[in-house]
Amino acid sequence: SSSSSSSSSSSRGRQEQIRNQHQNQHQMEQLQAQHLQDRVQQLQWKKQEFLRQKKLEKEQEQAQAQAEQAREQTQAQTQAQKQRRVQVQEEELERELKQEQQEQMQEQEQEQEQEQEQEQAK
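Note that the sequence shown covers residues 1 to 122 in the UniProt record's numbering.
Simulated from the structure, these hints should not be mistaken for laboratory data. Every residue, glycine too, gets a C-beta built ideally from N, C-alpha and C. There may be inaccurate statements among the hints.
With a straight-line cut-off of 30 Å between C-alpha atoms, the simulated DSSO-like cross-links for lysine-lysine are [claimed, not checked]:
#: 1; residue 1: Lys-46; residue 2: Lys-58
#: 2; residue 1: Lys-98; residue 2: Lys-82
#: 3; residue 1: Lys-47; residue 2: Lys-58
Beta-carbon label-pair distances, calculated as ranges [to be verified]:
#: 4; residue 1: Ala-67; residue 2: Glu-100; range: 35 to 41 Å
#: 5; residue 1: Gln-37; residue 2: Glu-16; range: 39 to 45 Å
#: 6; residue 1: Glu-68; residue 2: Gln-102; range: 39 to 45 Å
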């Protein structure tokens with residue numbers, strides 16, 4: 001009967017060994033799963049960071065483009081203002097010139113009239 005008890009104890013040992021192996025395997029799987037979860041979280045965080053960075057870059061580019069546009073607009077405006085000023089100056093000069101010409105013509109006419117009067121007086 002001692003042989004039967006020894007065989008049962010060895011089978012019990014084997015069962016325990018298998019149970020331990022299963023437990024170990026389960027623990028390993030849990031560790032792996034945890035590791036993978038950590039990795040996923042890390043990657044998600046990196047992705048978010050990357051997207052945040054991209055968003056910042058995009059916003060920066062937009063801001064630069066807007067600034068450039070504003071600068072160009074300002075330049076165009078100042079250019080237009082300069083042109084307008086020049087135009088106004090030219091118009092003023094033309095007016096003055098016309099006025100001078102008119103005054104000269106009037107003076108000439110007056111002189112001619114005076115000459116005619118003098119001629120007639122003679």
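Against the structure, the hints come out as follows:
no.	hint	verdict
1	Lys-46 to Lys-58	holds, 18 Å
2	Lys-98 to Lys-82	holds, 24 Å
3	Lys-47 to Lys-58	holds, 16 Å
4	Ala-67 to Glu-100: 35 to 41 Å	violated, 49 Å
5	Gln-37 to Glu-16: 39 to 45 Å	violated, 31 Å
6	Glu-68 to Gln-102: 39 to 45 Å	violated, 50 Å
Consistency note: the structure conflicts with the earlier hints numbered 4, 5, 6.
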